[in-house]
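All chains should be modelled from the sequences, with the hints used to inform the complete structure.
In order, the protein sequences belong to chains S and R. The working numbering puts the last residue of the first sequence at 1441; the count rises by one with no breaks. The working numbering puts the last residue of the second sequence at 258; the count rises by one with no breaks.
Just so you know, these hints were derived from the structure itself, not from any lab. Please note that the accuracy of each hint is not assured.
[Stated by the list, open to error] With a Cα cut of at most 30 Å, we get these calculated DSSO-like pairs of lysine-lysine: (1) S:1221 - R:211; (2) R:211 - R:198; (3) S:1221 - R:198; (4) S:1399 - S:1362.
[What the hints assert, rightly or not] Quick list of the computed label-pair ranges, beta carbon to beta carbon: (5) R:14 - S:1378: 38 to 48 Å; (6) R:186 - S:1164: 34 to 44 Å; (7) S:1170 - R:17: 32 to 42 Å; (8) S:1339 - R:224: 48 to 58 Å.
Source: prediction; values computed, not measured. Every residue, glycine too, gets a C-beta built ideally from N, C-alpha and C.
These are the residues of each chain, in order.
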Amino acid sequence: MAELKVLREIDPSARVAPDASVGPYCVVGPNVTIGPRTRLVGRVSVSGHTTIGSDNVFEAGCVLGAVPQDLKYAGGPTLLHIGHRNRFGRFVTAHIGTESGGYLTRIGDDNVFMDGSHIAHDCYVDDHVCFGRNVMLAGHIRVHTGAVIEELSGVHHFVTIGRYSRVGARTPVRRDVPPFTEFLSAESDSTPAVRGIYEAGISRAALPSEEEKDLRRALHELFDNEFALQTRIEQLFNLGVEGEVAELCKFCQQSLRGVYGRYRELFRGRIPPEARQYLPREQWAQIAREMP
Amino acid sequence: MREISSKAVVEPSAEIADDVRIGPFTYVGGGVRIGAGCIIKNNVTITGRTTLGARSSVFPMAVIGVSPSGEEADGECIIGEANAIREFVTIYAGRARPTRLGIDNLLMIGSVVEAGATVGNHGIFANCTHICEGAIVEDYVRASAFPVIEPGVRVGAYTFINGYAGVDRNVPPFAIVEGMPVRVRGVNAENLKRCGFGDQDIRALKEAFRELFNGSSAQADAAAIARLESQGQLNPHVRGLIEAVRCGGGGNG
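Rendered as structure tokens:
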């Protein structure tokens, strides 16, 4: 094993679990934590204040924790947090957060990122998400649990991708994608929009049958209907909705409140609510002190 | 202080200025010159006759100065100061004429600059921008993700290229362009504002664009060019636009 040591560079102050494996030509920076049984296959670079949980696999050539491509980044010690059991294909890149965007890029558990995907600064990717090849997330994006984004799709800044939704291949996503829907272009050059219900998403969510029935009805009422979305949401709210349907209505309502159909635009230049939820407590306290 | 990792491979004939930092597993070929204050991260390949201007940064897995045919790299690549070359960017060396990059450009992840392409100054190119052989990109151009700027095409200054666009013909300065085949959608007012253009200039350009491109089209209207030119006092930027369109900068090229 002495030979292998020469072929990689792990900073002495990095905290790498004894049973994590760091392959040849990997570079691990000083402020990095790598959890148990996580595997860096080879030529993986990890820099920045990056914390990686247990049982992740990073294929050859991933670059994690590099500084954001956002010009507003001022060089601060912002964070990248990666949870457990994620699989990263070759050449996946994930950047640390920016100061003005909430200090944190967060990736949850059990996600799959295929070759060449990019998770930019200040993104929050929840759990059980699947990215196809070369999916590009711009900054400040929230991807909710169970979403599927297919090959070569690019997501605009501040977009929210709803739970168990699907974004078709090569789709430019410039507005929020509601939960349980399919978002794609009908023809090669048409504007991408909600084009149907994502059946596989509904079955993966494994809802109780009554709730599933309500959800299907709500989805039809919201998206197969001639009235303005706002009116339909209000009608549903007036009926008294709960559970997944209430979440769906809330999601659509928020997107309408946002700018260009993007709810998170309202957090432009501000710390988003997720930062309070996910940042380590001391870090949050420090930021809260500095906030105007 | 120069800081070159003991695990980097730097050919002895490479010219490395002071204050340059080079990370582990990076290869710097013999014909390479690196300016003061450059930061080259780990796992980077720089080869060919490549000049990298001062204060540039190159991120992991980027490849600069390779030959497109895969033969021994003997082309030339001239990169100006303060460029940020991000992860997985490939810049090919040009044989017939050097590949040129001006100053203060940001090439985001996975972008490609092919042999003999010329990129101006202060450009920002989002992920997977592909600048083909011999293409010319002027100053202050912005590109969203996945566009292809096809061989020999000229992109005018201050223009914004929308995501997934196929820029298959010359596009004028000051424009927002999109689609495949590419069409002019309007004036890139936001970028112009950020670059210090006054309201009056932007208004004049908007009017000119409305005349020339009739809302949204690929081709500049020849009659509109003549009509605009016949006007007495022409805004200098509009004059620049018309000149560019005349020399094939507006879909005629």
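Hint by hint, here is what the structure shows:
1. A distance of roughly 29 Å separates the Cα atoms of residue 1221 of chain S and residue 211 of chain R; the hinted pair therefore holds under the 30 Å criterion.
2. Of the pairs offered as hints, the one joining residue 211 of chain R and residue 198 of chain R holds, with about 13 Å between alpha carbons and a cut-off of 30 Å not exceeded.
3. Between residue 1221 of chain S and residue 198 of chain R the CA atoms are separated by roughly 18 Å; this keeps the pair inside 30 Å, and the hint holds.
4. The suggested pairing of residue 1399 of chain S with residue 1362 of chain S holds, with an alpha-carbon distance near 18 Å, which does not exceed 30 Å.
5. Distance hint for residue 14 of chain R and residue 1378 of chain S: a CB-CB separation of about 59 Å, inconsistent with the stated range 38 to 48 Å.
6. Distance hint check: the CB atoms of residue 186 of chain R and residue 1164 of chain S are about 53 Å apart, inconsistent with the given range 34 to 44 Å.
7. Separated by about 35 Å at the C-beta atoms, residue 1170 of chain S and residue 17 of chain R satisfy the suggested range of 32 to 42 Å.
8. A hinted range of 48 to 58 Å for the beta carbons of residue 1339 of chain S and residue 224 of chain R is inconsistent with their spacing of about 23 Å.
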